[in-house]
Amino acid sequence: MPRLIALRIAMSLLSLFLAASFAFSLVHLSPTDPAILALGDGASEAQRLKLTQELGLDRPILVQLATWFMRVLGGDLGQSIFAHKPVTSMIGDAIPVTLSLLIAASVIAVILGITIGIYAGLRSGSWVDRLVTSGVSASLAIPSFWLALLLAYFFAVKLRILPVAGYTTYAESPSRWVIGLLLPSFALSVHGAAVIARHMRGAVIDVLDSAFINAARARGTPMRVVISRYVFKNALVSVMPIIGIEVAVLLAISTVIEKVFVLPGLGTLMVNAVITSDFPLLQGTILVTATILITVNLMIDIVMGLLDSRIRPQ
Amino acid sequence: MTLAAEETESVISPAGRQLRQGNKAPRPARRWMTLIRREPLAAACLAGIALLVLIALLAPALAPYDPNNNDVLNRLKGPSATFWLGTDELGRDLFSRLLYGARTAVETSFQSVGMALLIGVPLGLLIGYLGGWWDRVAMRVTDIAQSIPSLIFAFAVIAILGRGVNQTAIAVGIVFSIIMLRIARGLMLRERELLYVDAARVGGLSTPRILFREILPNVAGPLIVEAALLLGSAIMLITMLSFLGLGLEASTPDWGSMLDEARKYQVLHPFMALPPGLAIMAAVLLFNFTGDSLRDALMGRRRVAHRKLRQDRRARNAPKAKAPVQDADTVLTVQGLRVSYLSESGKPMEVLSDISLDLHRGETVGLVGESGSGKSTTGMAMVGLLPDTASSSGHVWLGDTDMLTAPAAEAAKRRGPEIAMVFQDPIGSLSPVHTVGQQLIEPMQHHLGLGKEEATRRVIELLEMVGIPNAAQRINDYPHQFSGGMAQRAMIAMALSCRPKMLVADEPTSALDVTVQAQVLKLLGRLSTEFDMAVLLVTHDLGVVSEACDRVVVMYAGEIVEVGKVADVLAKPRHPYTYALLKATPRNEAPAGRLPTIPGTVPPPWDFPRGCRFAPRCAFVKEACTIAPVALVDGVRCVRAGELSLEVGA
Ligand code: SF4
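If you're matching them up, the sequences are chains G and C in order. Residue numbering for the first sequence follows our numbering, beginning at 1 and increasing consecutively. Residue numbering for the second sequence follows our numbering, beginning at 1 and increasing consecutively.
Calculated from the structure, these hints are not laboratory results. Every residue, glycine too, gets a C-beta built ideally from N, C-alpha and C. Hints are not guaranteed to be accurate.
Simulated DEER-style distance windows between Cβ atoms [what the hints assert, rightly or not]:
hint : chain 1 : residue 1 : chain 2 : residue 2 : range
1    : C       : N166      : G       : S134      : 34 to 42 Å
2    : G       : S25       : C       : H480      : 39 to 47 Å
3    : C       : H480      : G       : I111      : 28 to 36 Å
4    : G       : I61       : C       : L195      : 46 to 54 Å
5    : G       : R3        : C       : A328      : 33 to 41 Å
6    : C       : E623      : G       : S134      : 53 to 61 Å
7    : G       : R224      : C       : H480      : 22 to 30 Å
8    : G       : T115      : C       : G203      : 50 to 58 Å
9    : C       : G131      : G       : M1        : 30 to 38 Å
10   : C       : E89       : G       : D76       : 41 to 49 Å
11   : C       : G203      : G       : I111      : 54 to 62 Å
12   : C       : H480      : G       : T169      : 45 to 53 Å
Can you make the complete structure from the sequences, with help from the hints?
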């Protein structure tokens, strides 16, 4: 197990390096001179040259990459061009919002998806199963932001039991923090729950057909134990990678959910960065997004290693 | 068909073969009719897509108003006769905007998927075809791109290219190209191994020609499925982008930006959110269904057995029958067992017909037959584990419990202390993510009520008895750390852990190599005496029977065709099938493990002959054999049993 963890951490660091290089390269892929981007169209040639020098944009690309890496490692992601604030502090404010939303939605998605998937898989072919299968197809076609709008309208405008929008930090009021996250995280979780339920159902059906389930029944193990012990764990192992992929998808969808509920999270920052061509901010948010996802996958890999001895290096 | 002919066939690609046979291709109209009849869902989906495209093309003609026509006097109106779906904050007609939105959606999604097909597919095919370093480098690069979610990758592209209809389509197109590249490469890797590709290469065709003329037609199916699914994702991604204000210019009517406007007037005019949301959902559903139904049409629908957990149909329907009087030695009695399944066409097909059999303490009975004879089903029926899809009649009496009709929980209680089973694949019989020990102690926990420690101690003893070294450590191993032979010993130890009166061993040695086979057989023999059990040894190998059994039951096509003492049957078979089996078994060799070969195959259950089921393959067939079903008389099911004298010696 320690070897598996060490190996996976090394691989994660490599992915992180590659993701960072991707973020870095964004500025240089843009046809517009980053100095112009920073100054706006009205800038004079002298201003442009000055900034080019300040930002080191005239040096060889590899040198720029190296300096950029050193800066990032030192915790400096540069200045936002439009907000005139350090990117690190902007991201620092946004991360708790996005992370609480993402974690809440992922937990709901995993619990709902696995429960529904098992329930339907154990009754494959029945009307409950058909209902679940169609429900999953429908949920995957519902645009999450539309669902969020409908939920917001129903619970906040019609019933007035939940806030329409906005974010309260945990420090300000823990209860309002939770209440404010209820609708957004549920709206976000639906896609994940549907995907996880679909795969869990398939996994349960496959596992039920496998020889070891037959063998467990043949040794007189009661069906309830067969299901809770063997079907559950084996199906879970095969669905774990899907959960990793789905968390990434939810993180992407969280950008639209943040917009509907006016949450000041990473997605909002990222969208603003694209709209205003604020490259330092865009680089920073992409790097942080990649870090979150790489960490999630690392955790999933470690859980997989705990669950399934076959993937541990011998 | 001879082997040589088969080989020449496979040199021609599957698609090429279709073309060659296509000289009697039906006219297009007829082809569509066939499609609609065979795949109504796929046909409906294609019709739906045609409709969507038509709406998109005809939007200017269909729309009652200019989608960008402001009418401040009529802003935020609900649906009415003049404005079918009402108006937005600038007084623009929502119905017209919805139709034009379809135009935008179709245009952008087809553009981006088209781009993916044009860029991703050729690149993917080429990379898969070249393999080696090309492949490795390309996969690394796409790995990075794929580690970032599509939407966020599209953000980055839009940041570089700027906003606009084309830019959005290109951004999504780049994301999809990477996805398509990986899919095409995967398909190519599989295709590359096939003979027709080698043939084309040896034939000196140029690489582009091989890629696009030979291989592409064969992978087109899965690619089209993927493209349909991507069209759905494209609509989702593009509407998300424009909802975020990153997609299209404000003047382009589009479902995503319509929803963004609806968001702003959520309280004042909530109806605005409904039409565009429903439109997106319908379009995405349409493409997803198209993809799924095309995939089903291409690869065949996966049939999922109907499972019921709670209700026990068997228990409800079975009339109460009384157990026969068994003498003290009889452990299990099978009476008139019949098992059938529903065929694809819905007709029941009988896989076991009228099986009757007694098993006694201390005896080992061999149950032999080719695959398809029903011998394994017989074994499963004995432990009461026929699949849920089977229906059965007759009885399997274990003491006074009928394993065929007993409630599931009741039957489960008998499995372990009274009847146990070992299977062909011992490693596959163990859950791969649980330790071997955890699974081995289970019967003793459930049936003998032992605690974990006591059960573990006993398992270790049993494992030592069956010859597993280091048993105390090995129980903490996982199944994949066991060799086949060791795993089978462990399974036998477990089967015996509750001292059953009977053991069903379904091909217990056929997955093992020859030396291990002999050891396991010996172990089984030793234990059956030691535990005074009845053993039913299901096997296809007469060598195993002669080695290990006292009696033998020969099965063919769901029937018992001959029963007798092993010494008698093997020396002087009375049924032509037994005789043919014996002749095909290499003699004077230790358990051979080779499938005996008799010309022909066992007929499938829907094709059993009316008379003697062996007649089509029998060397002694006469007209009398094919008239009516043959009865089992005096341990043999053959019309000519009396007159034939089948000596194996010669
Ligand atoms: S009944 Fe006739 S066909 Fe059947 S086994 Fe006997 S001889 Fe052969």
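Now the hints, each set against the structure:
Remark: the range hint 34 to 42 Å for N166 (chain C) to S134 (chain G) is upheld by a beta-carbon distance near 37 Å. A hinted range of 39 to 47 Å for the beta carbons of S25 (chain G) and H480 (chain C) is consistent with their spacing of about 43 Å. The hinted range of 28 to 36 Å is satisfied by H480 (chain C) and I111 (chain G), whose Cβ atoms lie roughly 30 Å apart. As the Cβ distance of I61 (chain G) to L195 (chain C) is approximately 48 Å, the hint placing it in 46 to 54 Å holds.
Between R3 (chain G) and A328 (chain C), the C-beta spacing of about 59 Å breaks the proposed range 33 to 41 Å. Distance hint check: the CB atoms of E623 (chain C) and S134 (chain G) are about 57 Å apart, consistent with the given range 53 to 61 Å. Between R224 (chain G) and H480 (chain C) the C-beta distance comes to about 27 Å, which sits within the given range of 22 to 30 Å. With their beta carbons about 56 Å apart, T115 (chain G) and G203 (chain C) fall inside the hinted range of 50 to 58 Å.
Between G131 (chain C) and M1 (chain G) the Cβ separation comes to about 35 Å, which falls inside the hinted range of 30 to 38 Å. For E89 (chain C) and D76 (chain G), the Cβ-Cβ distance of about 43 Å falls inside the hinted range of 41 to 49 Å, so the restraint holds. The hinted window of 54 to 62 Å between G203 (chain C) and I111 (chain G) holds, with their beta carbons roughly 58 Å apart. Restraint check, H480 (chain C) to T169 (chain G): a C-beta distance of roughly 49 Å satisfies the suggested window 45 to 53 Å.
Hint 5 from the list above is the single one not met by this structure.
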